[in-house]
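Colleague: Keeping their order, the protein sequence lines are chains X and E.
Count along the first sequence from 1, then add 238; that gives the number in the working numbering.
Just so you know, the working numbering puts 19 at position 33 of the second sequence, and the rest follows in order with no gaps.
These aren't lab readings, by the way, just hints derived from the structure by calculation.
Even glycine gets a Cβ: it sits at the ideal position worked out from N, Cα and C.
The reader is advised that the hints may include incorrect statements.
[To be verified] The list that follows gives simulated cross-link-like pairs (lysine-lysine, PhoX-like), each with its CA atoms no further than 20 Å apart:
#, chain 1, residue 1, chain 2, residue 2
1, E, LYS38, E, LYS57
2, E, LYS21, X, LYS354
3, X, LYS447, E, LYS38
4, X, LYS345, E, LYS21
5, E, LYS42, E, LYS57
6, X, LYS435, E, LYS38
7, X, LYS354, X, LYS435
8, E, LYS42, X, LYS435
9, X, LYS320, E, LYS42
10, X, LYS435, E, LYS57
11, X, LYS338, X, LYS447
12, X, LYS345, X, LYS435
[What the hints assert, rightly or not] Which bits of chain X does chain E cover? Going by a derived footprint, with three or more residues having C-beta under 8 Å, they are:
#, stretch
13, 367 to 373
14, 413 to 424
15, 436 to 449
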Amino acid sequence: MRSIDARVRILTASLLLSVLSSGVAMAQESVSASEDPPFILICLGPFLLIALGFVVFGILWAVFAPIMFVYGVIFSERNLNKRMSDLVLREGASIEHFGKDPLSTLKGGHIVGGAKETGLVYSSIVFSPSHWQLIIAWINQLFGGRIDVIHRVISVGRAEAKQRLREQAQAAGWDEVLNVRIDTAEMTPASKPKGTKAVEVFAYGTGIKFG
Amino acid sequence: MSARSEVQVLLYPALGMQHIRDGIMVVNTETIAGKVITQNLGVVGGSTVRAKHIGKDIGALFKNIGGGELKAYTELLEESRTEAIARMVADASARGANAIVNVRFATSAVTAGASELFAYGTAVTVE
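Chain E on its own, in the form it takes in the complex:
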């Protein structure tokens, strides 16, 4: 495997793994009610940095003066959260987990227009 493709795998674990995603339970509680955790497979995480195109940025700039919800940025967050979760789940399924418990999110604004979202949790097998 070349260095470039290793980087690809590191950055995009979600590539080509859509088919094994469905069986995984993602919760932010420490346990799943009625189930027993049998194996701890370590911390898994997924992150993404996204931005909107400049037209939407300018629109949000004007909307900001008037106040209220900035729909473009709400959308941006929604997209990046979904992507981060998908990457985390792909990471977990690569380790053979069937659940992720205690999921946390961290957000940081890298620059004014872009948002970095990081989702992490513990991959486990439950019965």
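Pulled out of the complex, with its shape left as it was, chain X reads as follows:
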């Protein structure tokens, strides 16, 4: 589907380019006696530049889209698993640093001594499934039931956002992070379904230092 799209784009761009350049050539023949650049070329200049941009993008797309697709087929699952096992290690390290999981959704009523200092902590990630995984998800959708591929991608993204929150809290020297909220939003607006297919996860909370 994508490659046909790209082909159409290249075809239109090159057609446009050839029509424009033949027009320019004719104009050049008619005014070849004079030394000034032909008027029509100056008029068409911006259009030529835009057409050139489309051609360059079309070539890039035709070359790199299949490469990235194959890369996704081979490596996307492997990268996901690697990120998962990395996350487990990093989570272990920060839990060891704090002595417990620092994140909680409590509002701070349980703190007896009061806070010495408070402040906002936030972190985010934009995470996307590969197109290969989207195809698998589409096939899974035909049969219904659990769609594990997408579930794994989104939960890894969310765990990564949480882990970044822990690391930010560690870097800022907070003792605990209260009232943690995790927002998930889609990058692609519903009005533009052909855009980037990604999920943005964005976690925030209140860092607190005990008095």
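Guided by the hints, dock chain E onto chain X, whose structure is given.
Modeller: Same frame as chain X, now just chain E:
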């Protein structure tokens, strides 16, 4: 004050107010442990719409096919969140608050490449 500069103040309350920002506590809990809220100064907010340049958009487009983190967009969110918070804090300090409690964030994707971020909370004075 001309209409244009009023619009400027409305859109960019952060302009020229960096020096009074430091004293403000920003939390997303309803109260601050160990402190008492003495005065409610109303809802303050800050928002921003940002985008990355087309080169990074195209890079993200290709990265999207392969899957994984889209670093350009993560960066974009990080920048716009920081800016929204800075504007909210400037708004609060203009009202004479020394803390903002119960901060919330709202995100919306205006177009595929741009993100709108809105941070809002209640400006209060605490003791």
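Colleague: Under the constraints set out in the numbered hints, which ones does this structure not fulfil?
Modeller: 3, 7, 9, 12
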